[in-house]
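Chains as they are written, first to last, in the UniProt record's numbering: chain A, 1 to 314; chain B, 1 to 268.
Possibly wrong hints are sitting among the right ones.
Said to hold, decoys possible - Sample of chain B residues facing chain A (criterion: CB under 10 Å; computed from the structure):
no.: 1; residue: GLN34
no.: 2; residue: SER42
no.: 3; residue: THR64
no.: 4; residue: GLY66
no.: 5; residue: LEU91
no.: 6; residue: GLN96
no.: 7; residue: PHE102
no.: 8; residue: GLN111
no.: 9; residue: HIS119
no.: 10; residue: ILE122
no.: 11; residue: LEU132
no.: 12; residue: ARG136
To be verified - Computed cross-link-like contacts, DSS-like style, restricted to lysine-lysine with a CA-CA straight-line distance of at most 25 Å:
no.: 13; chain 1: B; residue 1: LYS124; chain 2: A; residue 2: LYS220
no.: 14; chain 1: B; residue 1: LYS125; chain 2: A; residue 2: LYS220
no.: 15; chain 1: B; residue 1: LYS145; chain 2: B; residue 2: LYS17
no.: 16; chain 1: B; residue 1: LYS89; chain 2: A; residue 2: LYS220
Unchecked claim - Which bits of chain A does chain B cover? Going by a derived footprint, with three or more residues having C-beta under 8 Å, they are:
no.: 17; stretch: 75-81
no.: 18; stretch: 152-166
Source of the hints: derived by calculation from the structure; they are not laboratory data. The model shown is predicted, which means the values in this text are computed figures rather than measured ones. The beta-carbon is built from N, C-alpha and C at its ideal position, and this holds for glycine as well.
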Amino acid sequence: MAKLVINKLIALVLILIGVSLLSFFFSSISPVDPAEAYARRTLSRPTAAQVEEIRREMGLDKPFYEQYFSWAAHVLRGDFGTSLLTRTPVSAELPGKFAATLHVVLLSMLFTVLITVPLSVVSAARKNGVFDQVTRVGTIVGLSLPNFWIGFMLLVLFAVMIPVFKIADYGSFKSLVLPALAMAIPMASSAIRVFRSNLIHSYQCDFVIYARSRGLPERKITGLVLQHALPPMVTMLFQYFGYALAGSAMVEAVFSWPGIGSYLVKAIVGRDLPAINACVLLIAVLFVLVNFAAELVNLAIHPTMNASREGYRA
Amino acid sequence: MSEKLLEVRNLNVRLKKSGETLVKDISFSMEKGQTLGIIGESGSGKTMTGKALLRLLNPRVFETGGEALFCGRNLLALHEDEFRSLRGKALSMIMQNPMTAFAPMTRIGKQLTVTLSAHLAIGKKEAYERALRALRDVNLHQAEKIMRSYPHELSGGMLQRAMIALALMLRPKLIIADEATSSVDAISEEMILEEFMKIRAQGISLLIVTHDFGVAAALADHILVMKDGCIMEQGTARSIFHAPRHEYTKELMDASVLAEVNNHAQSF
C-alpha cells in the first residue's frame with residue numbers, strides 16, 4: 001500500500017513536470033505575443049519600446065528554460081503569479097473558481113449514478129425488451145448530442161419557457177441543477193451502455209447459475225451481479241469525474257457559470273499566461289488524483305485486484 | 001419395491017429460436033438412495049438434462065417440455081416460489097468448474113451462510129457454525145480460514161469440496177453433479193470421489209453427469225448412455241459395463257479405455 005502511494009506520488013511529480021513544460025512550450029510557440037496583447041489592453045497605442053519594456057518586466061525575454069524554472073520556483077512557494085487580466089494573484093482567484101466547478105461536477109456525478117444504475121439494471125434484466133430498446137435509443141441520442149447543446153436546450157426549456165430553474169444565479173441550488181444535468185446526460189448515456197453490457201455478461205456467468213441452483217432469492221442474485229459488474233464502472237465514473245472537471249468550460253460558458261472552465265477560456269483568449277499555466281497544472285493534479293482514488297476504491301471493493309493479499313492454498 | 005424419488009417422462013429441451021431439439025423425449029427414473037450416471041460425449045445433452053431438471057436453462061432461449069416428478073411433484077410445472085424452496089434444499093447441484101461457480105467478489109463463508117439463511121430461519125451465528133461444521137465434514141481443515149477467503153484464494157480441489165459441503169449442508173434428497181471431477185487434478189478427483197462415496201453411504205441420491213466411464217464405474221448403480229439428445233441404452237452399471245448392447249456404448253467405452261491407456265503412457 002505504502003509502495004503504491006509512493007509510486008503514485010512519483011508519477012504525479014513526473015506528470016506535473018511534463019504537463020507544465022507542455023503548457024509553457026505551447027504558450028511560447030503561439031503566434032500571439034502575450035506582452036503585446038497585454039500592452040494593447042493597458043495602453044491605447046503602445047510603441048515597440050513599451051512592448052519591449054513589458055516583455056522584459058514579464059520576464060518573457062529570458063530563455064525558455066529560465067522562464068520555466070523561475071515560474072516553477074514560484075509555484076513551489078504557492079505563488080502562481082498575478083493574472084494579466086484581473087491583476088489579482090491567481091492563487092487568490094483559483095479556489096473560488098474551482099469550488100464553483102466542483103459543485104456542478106459533483107452534482108452531475110450524482111445525477112449520472114442515479115440515472116445509470118437503475119436504467120442499466122432494468123435494461124440488462126429485460127434484455128431486448130421494450131424498456132431496453134427505448135433506453136438504447138435514448139442513450140444514442142444522449143451520446144450524439146454535445147453537452148453544451150443539451151445545456152442550451154435545457155436552459156431554453158426549463159429556465160425560459162417553463163422557468164422552474166434559475167440561471168446565472170451563482171450560489172443557489174436551483175442554479176446548479178441545469179448545468180449539472182447538461183453534463184450528466186452524455187456521461188450517463190455512455191455509462192448506461194457500458195454498465196448494461198457488463199451486467200448482461202455477469203448475468204451469464206457460472207456463479208449466477210450456481211446461486212440460482214442454491215435457491216437464493218432473485219434480489220440476492222442481483223446483488224451478486226451488481227457487485228461483479230461494479231469495479232470497471234467505478235474506474236469509468238472516476239474518469240468521467242476527471243473529464244468533467246477538466247472539460248466543464250463549454251457548459252460553464254452556456255450557463256455563465258463562474259467556474260474554472262470559463263476562467264481558463266477567458267485566460268486563453270486574453271493570453272493570460274499565469275492563469276493558463278495555473279489552470280492547466282490544477283487540472284492535471286486533479287486528473288491524476290481522481291484516477292488514483294479510482295484505483296484505491298477498486299482495491300477496496302475488488303479483492304482479486306489486491307495482489308498484496310496472500311493466497312491460501314492447502 | 002423401493003420408493004421412486006425422481007421420475008422423468010418424455011423430457012425434451014428445444015432451442016426457441018431455431019426449433020432444434022437438444023434433448024429428445026427422454027424418460028428415466030431414480031429410486032431413493034440410488035446413484036445414476038448419465039454418460040455421453042460433449043453435446044449429447046447430458047448437462048442439458050441436469051440443468052433442465054433444476055430449471056436452470058434460460059427460459060428466453062430454451063423451451064422445456066415433459067414431466068419430472070420429484071417425490072410426486074412435477075418440477076417443471078411448479079410455481080417459481082415453490083420451486084425455489086426446493087432448489088438447494090431438497091435438490092442440490094455441484095457445478096463443473098469450481099473456479100467459476102462461486103461469486104468472485106464474495107467470501108466463501110458468506111456464500112455458504114446466505115444459502116443457509118435462504119432456506120432456514122436461523123440466525124447469523126448459527127448459520128456460521130453450521131457452515132463451519134459442513135466444511136470440516138468434507139475434510140477441509142482450517143475451515144475458519146476458508147470461510148474468510150475469496151474464491152480466487154483457494155485451489156480448485158478445495159472449492160470443489162466447499163461446493164460439496166454446501167450441497168450437503170441442507171440435507172438434500174438428490175444431488176446433481178455435473179462433470180464434478182473434470183476440472184480438478186487427479187489427487188483432488190480421488191478425494192472428491194471419496195466424498196461422493198460418503199454421500200452415497202448417507203443414502204442421498206446422486207445424479208452424476210460425466211463423460212468419464214471411470215467415474216461412472218466407481219459410483220453409479222445405474223447408467224444411462226446418451227447421444228444426440230437421446231438415450232441409447234440404460235441399465236445397471238454391471239450390465240452396461242459387462243454386456244453393452246449398443247454399438248455406441250462399446251465405442252464410448254473403448255475411447256475411454258484408450259484415454260486411460262494414453263494417460264498411463266504419458267505418465268511414464
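Right, here's what the structure says about each hint:
At about 21 Å, the closest approach between the beta carbon of GLN34 (chain B) and any beta carbon in chain A exceeds 10 Å, and the interface hint on this residue is violated. With a least beta-carbon distance of about 17 Å to chain A, the hint placing SER42 (chain B) at the interface is violated under the 10 Å criterion. With its C-beta approaching chain A no nearer than about 15 Å, THR64 (chain B) sits outside the 10 Å limit, and its interface hint is violated. For GLY66 (chain B), the suggested interface contact is broken, since its CB lies about 20 Å from the closest CB of chain A, more than 10 Å.
The beta carbon of LEU91 (chain B) comes within 8 Å of a beta carbon in chain A, closer than 10 Å, and the hint placing it at the interface holds. Here the hint on GLN96 (chain B) is kept, as its CB sits about 8 Å from the closest CB of chain A, short of 10 Å. Nearest Cβ of chain A to the Cβ of PHE102 (chain B): about 6 Å, under the 10 Å cut. The hint holds. At its closest, the beta carbon of GLN111 (chain B) sits 8 Å from a beta carbon of chain A; the interface hint therefore holds under the 10 Å criterion.
Residue-level restraint check for HIS119 (chain B) holds (minimum Cβ-Cβ distance to chain A is 6 Å; threshold 10 Å). A least Cβ separation of about 15 Å between ILE122 (chain B) and chain A goes past the 10 Å threshold, and the interface hint is therefore violated. Annotation: LEU132 (chain B) was flagged as interfacial toward chain A, and the flag is violated, the nearest CB pair being 16 Å apart, outside 10 Å. With a cut of 10 Å, the hint placing ARG136 (chain B) at the interface with chain A is violated, because the nearest CB-to-CB distance is about 13 Å.
The suggested pairing of LYS124 (chain B) with LYS220 (chain A) holds, with an alpha-carbon distance near 16 Å, which does not exceed 25 Å. Straight-line distance between C-alpha atoms of LYS125 (chain B) and LYS220 (chain A) comes to about 20 Å, which keeps the hinted pair within the 25 Å bound. With a C-alpha separation of about 47 Å, the suggested pair LYS145 (chain B) and LYS17 (chain B) falls outside the 25 Å cut-off, and the hint is violated. Under the criterion of a C-alpha separation no larger than 25 Å, the hint pairing LYS89 (chain B) with LYS220 (chain A) is consistent with the structure, at around 17 Å.
With a cut-off of 8 Å between beta carbons, the stretch 75-81 of chain A has 0 residues touching chain B; three or more are needed, and the interface restraint is violated. With 0 residues having a Cβ less than 8 Å from any Cβ of chain B, the stretch 152-166 of chain A misses the three-residue criterion, and the hint is violated.
In the structure shown, a violation is registered for the earlier hints numbered 1, 2, 3, 4, 10, 11, 12, 15, 17 and 18, in ascending order.
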